[in-house]
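Undergrad: Chain residues, written in single-letter form:
Number of protein chains: 2
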Amino acid sequence: MTYKELSEQIFRKKSYLCVGLDTDPHKLPSHLLNEKDPVFAFNRAIIDATADLAVAYKPNIAFYEAQGPRGWESLQRTLEYIPADCFTIADAKRGDIGNTSSLYARTFFDPEAAGLNFDSVTVAPYMGNDSVTPFLAYEGKWVILLALTSNSGSADFQRQPVGEQELFEIVIQTAQTWAGPDRLMFVVGATQADELSRIRELAPDNFLLVPGVGAQGGSLAEVSRRGLTTAGGLLVNASRSILYASSGTDFAEQARAEAQLLQKEMAQYLSE
Amino acid sequence: MTYKELSEQIFRKKSYLCVGLDTDPHKLPSHLLNEKDPVFAFNRAIIDATADLAVAYKPNIAFYEAQGPRGWESLQRTLEYIPADCFTIADAKRGDIGNTSSLYARTFFDPEAAGLNFDSVTVAPYMGNDSVTPFLAYEGKWVILLALTSNSGSADFQRQPVGEQELFEIVIQTAQTWAGPDRLMFVVGATQADELSRIRELAPDNFLLVPGVGAQGGSLAEVSRRGLTTAGGLLVNASRSILYASSGTDFAEQARAEAQLLQKEMAQYLSE
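Those protein sequence lines, which keep their order, are chains C and Z.
Just so you know, the working numbering puts the end of the first sequence at 272, numbered straight through with nothing missing.
Just so you know, the working numbering puts the end of the second sequence at 272, numbered straight through with nothing missing.
Hints are computed from structural coordinates only; laboratory data are not their basis.
Treat each hint with caution, since some may be false.
Intra- or inter-copy, both count: the list cannot distinguish identical chains.
What the hints assert, rightly or not - Calculated lysine to any residue pairs in the SDA-like style (CA-CA distance at most 25 Å, straight line):
1) K4 with D130
2) K4 with H31
3) K27 with D48
4) K36 with P111
5) K27 with T133
6) K141 with D24
7) K27 with D110
8) K36 with R70
9) K27 with A137
10) K27 with S102
11) K36 with A231
12) K36 with G115
13) K27 with L228
14) K36 with P69
15) K141 with N117
16) K141 with R225
Required output: the full structure, derived from the provided sequences and hints.
TA: Spelled out as structure tokens, the structure:
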């Protein structure tokens with residue numbers, strides 16, 4: 001999906017909601033456990049219930065990987081099921097030396113390798129240029145680079161002072177020499193709203209993937225006020241608050257209700 | 001495997017060789033392609049040929065992941081086949097917020113999750129404390145944290161100046177407040193030999209996992225002179241130079257010859 005297409009989806013759906021598919025097999029409603037692939041059955045119901053409200057889906061790869069080979073099969077089925085008008089994110093936080101990053105890129109971007117064809121993958125910046133650019137070798141695919149994450153440990157290294165700046169600012173500036181905003185997004189935690197204005201100055205046109213609204217406590221209003229651009233420019237992720245809104249047979253209905261609350265708030269911010 | 005056991009293996013085998021199982025299905029000798037699981041058949045032959053010369057094996061997870069579900073099966077078989085006296089490293093470069101890192105830890109450390117029971121996993125430090133410590137919740141398991149990597153991109157962020165130091169030094173110092181040398185190693189590229197003495201001062205007792213000898217051009221002599229401790233303290237990895245020493249039916253024999261060259265050199269440095 002291109003920058004322009006993503007932007008158009010946002011204004012068409014009046015939403016910059018990304019639904020995080022952090023699907024925990026131990027948290028599934030019990031009536032799904034008899035399905036052949038309960039994780040996929042759950043994801044399918046969540047996607048059916050939210051696809052008109054969300055512009056992106058973000059499977060958290062750890063949840064699938066922890067199930068071994070069958071987890072990767074659930075992931076394949078889930079990805080195939082996501083409608084074509086939704087942007088897809090492999091939240092994998094990969095990054096290694098060049099020849100290895102090339103293989104991680106192949107995993108998530110080349111359907112003939114592992115049966116996956118994501119639009120984008122999250123990448124950790126620590127290893128620098130040649131750990132990131134192999135993901136950009138796949139035309140039309142995106143890198144979503146960790147910048148300032150939502151967790152408390154983000155203070156340990158991301159906020160170390162480098163000259164007059166902090167490390168995450170160096171990451172944002174440096175990475176922009178590797179790719180334009182049509183191929184590069186940044187992860188900025190919603191719990192870091194105070195820094196969002198500064199980040200928006202450093203990266204005026206890049207989409208920001210913002211986790212941390214909901215279970216982690218970030219404010220959608222603050223994130224939107226500081227992060228929205230004329231192209232949209234934000235993908236705000238919610239996972240647990242949507243997926244586990246109910247543990248009963250009405251889980252999909254309740255997931256939709258939660259997604260709708262967020263979407264309605266987003267529609268308002270987009271119109272302002 | 002404990003620190004003491006690992007150290008004992010090093011002096012018993014007169015080796016601190018780690019064989020990197022970066023097994024590329026496109027580089028397998030053609031006579032293996034008729035096997036049911038050619039990747040495993042290759043790894044088994046490499047392990048048979050090198051197990052008395054190596055103290056550790058390091059499957060590079062990207063190579064397995066890029067094969068989809070069947071890659072994870074090859075990885076399971078390979079890990080089960082590695083002899084118990086060898087330390088095992090999941091070279092995965094993982095790291096995410098706490099609940100997600102817990103799942104990555106479960107993937108590699110809990111055999112009931114994904115059928116894997118590694119001794120250790122490589123972790124990227126960018127997300128800080130709560131992205132790393134979930135891996136330490138598994139008793140007796142190790143974190144091998146990226147410090148100063150072997151690739152050219154290591155200069156982009158790892159070597160950024162933070163006060164009087166560089167970022168990788170902050171990583172090494174900070175991480176030592178999270179775990180002792182009995183649970184924590186650092187990745188230091190062999191191509192960074194100039195910095196190894198400084199790193200050894202900052203982490204006098206931690207094992208260092210050193211890739212980059214061989215195909216990447218690092219010097220075993222330099223690494224050993226600056227990195228060895230009375231407990232050994234080094235795991236020097238070689239992957240491509242061993243795995244692909246020959247592409248013929250003699251690949252395992254040639255792999256052994258390459259491993260033996262390294263082991264003999266290591267035996268000499270250990271005795272000095």
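Undergrad: Compare the structure with each hint and give your call.
TA: Comparing the hints with the structure gives:
In this homomeric assembly, K4 and D130 never come within 25 Å of each other (Cα to Cα): the closest approach is 27 Å inside a single copy and 36 Å across copies. Taking CA atoms no more than 25 Å apart as the test, K4 paired with H31 passes in neither setting, with 41 Å inside one copy and 49 Å between copies. For the identical chains of this complex, K27 and D48 are intra-copy neighbours only, at 19 Å inside a copy versus 42 Å across copies, given an alpha-carbon limit of 25 Å. In this homomeric assembly, K36 and P111 come within 25 Å of each other (Cα to Cα) both inside a single copy, at 23 Å, and across copies, at 22 Å.
For a Cα distance limit of 25 Å, the shortest separation of K27 from T133 across copies, 24 Å, qualifies, whereas the shortest one inside one copy, 37 Å, does not. For a Cα distance limit of 25 Å, the shortest separation of K141 from D24 across copies, 24 Å, qualifies, whereas the shortest one inside one copy, 27 Å, does not. In the homo-oligomer, the alpha carbons of K27 and D110 lie at most 25 Å apart only across protomers (19 Å), although the nearest pairing inside one protomer, at 31 Å, exceeds that limit. Both within a single protomer and between protomers do K36 and R70 lie at most 25 Å apart by alpha-carbon distance, with minima of 11 Å and 19 Å respectively.
With identical chains, the CA atoms of K27 and A137 are at most 25 Å apart between copies only, with a shortest distance of 22 Å across copies and 37 Å within one. For a Cα distance limit of 25 Å, the shortest separation of K27 from S102 across copies, 16 Å, qualifies, whereas the shortest one inside one copy, 34 Å, does not. Within a single copy, K36 and A231 get their C-alpha atoms no closer than 41 Å, and across copies no closer than 51 Å, so neither meets the 25 Å cut-off. For the identical chains of this complex, K36 and G115 are neighbours both inside a copy (19 Å) and across copies (20 Å), given an alpha-carbon limit of 25 Å.
Taking the shortest alpha-carbon separations for K27 and L228, neither the intra-copy value of 33 Å nor the inter-copy value of 48 Å comes in at or below 25 Å. Taking CA atoms no more than 25 Å apart as the test, K36 paired with P69 passes in both settings, with 15 Å inside one copy and 17 Å between copies. With identical chains, the CA atoms of K141 and N117 are at most 25 Å apart within one copy only, with a shortest distance of 9 Å there and 34 Å across copies. For the homomeric pair K141 and R225, neither the shortest alpha-carbon distance inside one copy (28 Å) nor that between copies (44 Å) is at most 25 Å.
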